[in-house]
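First residue of the sequence shown? That's 727 in the working numbering, and the numbers climb one at a time after it.
Since the hints were made in silico from the structure, they are not lab data. There may be inaccurate statements among the hints.
As the list claims (entries may be wrong) - With a cut-off of at most 20 angstroms between alpha-carbon atoms, the simulated SDA-like pairs for lysine to any residue come out as follows:
(1) LYS745 with ARG755
(2) LYS745 with LEU871
(3) LYS745 with HIS757
(4) LYS745 with TYR827
(5) LYS745 with PHE809
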Amino acid sequence: MRQQREGSPFTGLATVALKEAADHMTSARIHLVMLLVLLTAVGAVYAAIGQITETVSQDQFLFLRLFTTAREPLPSFVAFLGFLLPLVAIALGFDSINGEYNRRTMSRILSQPIYRDALLTGKFLGGLLVIAICLLVLWLLVTGLGILLVGLPPSGEEVLRGLAFLLASFVYAGVWLAVALVFSTLFRSPATSALATLTVWLLFTIFWPMLAPLIAGALVPVDPLNPMTAVDLVEVERAISRISPNTLFGEMTLALLNPETRSLGIVFSNQLSRALIGAPLPVSQSLMLIWPQLAAMIAALLVLFTAAYVSFQRQEIRA
727 MRQQREGSPF TGLATVALKE AADHMTSARI HLVMLLVLLT AVGAVYAAIG QITETVSQDQ
787 FLFLRLFTTA REPLPSFVAF LGFLLPLVAI ALGFDSINGE YNRRTMSRIL SQPIYRDALL
847 TGKFLGGLLV IAICLLVLWL LVTGLGILLV GLPPSGEEVL RGLAFLLASF VYAGVWLAVA
907 LVFSTLFRSP ATSALATLTV WLLFTIFWPM LAPLIAGALV PVDPLNPMTA VDLVEVERAI
967 SRISPNTLFG EMTLALLNPE TRSLGIVFSN QLSRALIGAP LPVSQSLMLI WPQLAAMIAA
1027 LLVLFTAAYV SFQRQEIRA
């Protein structure tokens, strides 16, 4: 006879999530990663402030330039964040499950009135909570530095765009946290799961921009007698590149932090017949522009978490 579970499968979820977040916040590993992010972010913003004060002009979105302006040899704050956020998420999640196996505490935890559902979901939510706190603190720090050193408070629209960028960064980091959680359930060794997650990150960060044109060229050969095949090639290449979360995050930040961006795809001249070139879009239009990218990343996050959930539910746990 099949035994039914008693009570809610998510009993103790909040306890697990808060305990996981507290463990992360007191971990030396996370402190080192956060210190790296903080130093690079402050350096990038300080360099951007120097560049902005040298080339000050009548820019109604001057505050947003703190996030996107780069000054040699440092990249912009957005570029730093897109590179380092996955590392923070990987550091939070690569040993979430297999770490309990290695410490021989998994059976002890599940002997309490806590189901696997609550344990896995709580660990994931605990990591997301730490990411949300760190991103909020970082955003407030950048905002404070901008107000103090530039002397220009952000407008209401700039605040809305900054908050939307904060949400996009949170979802982007959540995708990589889910990737780390999947490998943490698949492999019993934390070193193996960390290596597998870093391999996926390197694939999408370094190699995917080079592989996408090669794959598109093999799928859609260009016919010199048919110019539209070149357009098809660009569309296929763009679709393949959007498999990478890095590409989706880059497109979202481009539309949110650069209000003059009117499209994230190919634009033909007849589509610009009634458009004011250089006129900024309102926040609502920019949000509509990035909605497909945001929905795709949320879907990827849910699919990856579901894969980790199914894998964890099927595992045999021995004392």
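Here is what the structure says about each hint:
no. : hint               : result
1   : LYS745 with ARG755 : holds (17 angstroms)
2   : LYS745 with LEU871 : violated (32 angstroms)
3   : LYS745 with HIS757 : holds (17 angstroms)
4   : LYS745 with TYR827 : holds (17 angstroms)
5   : LYS745 with PHE809 : violated (28 angstroms)
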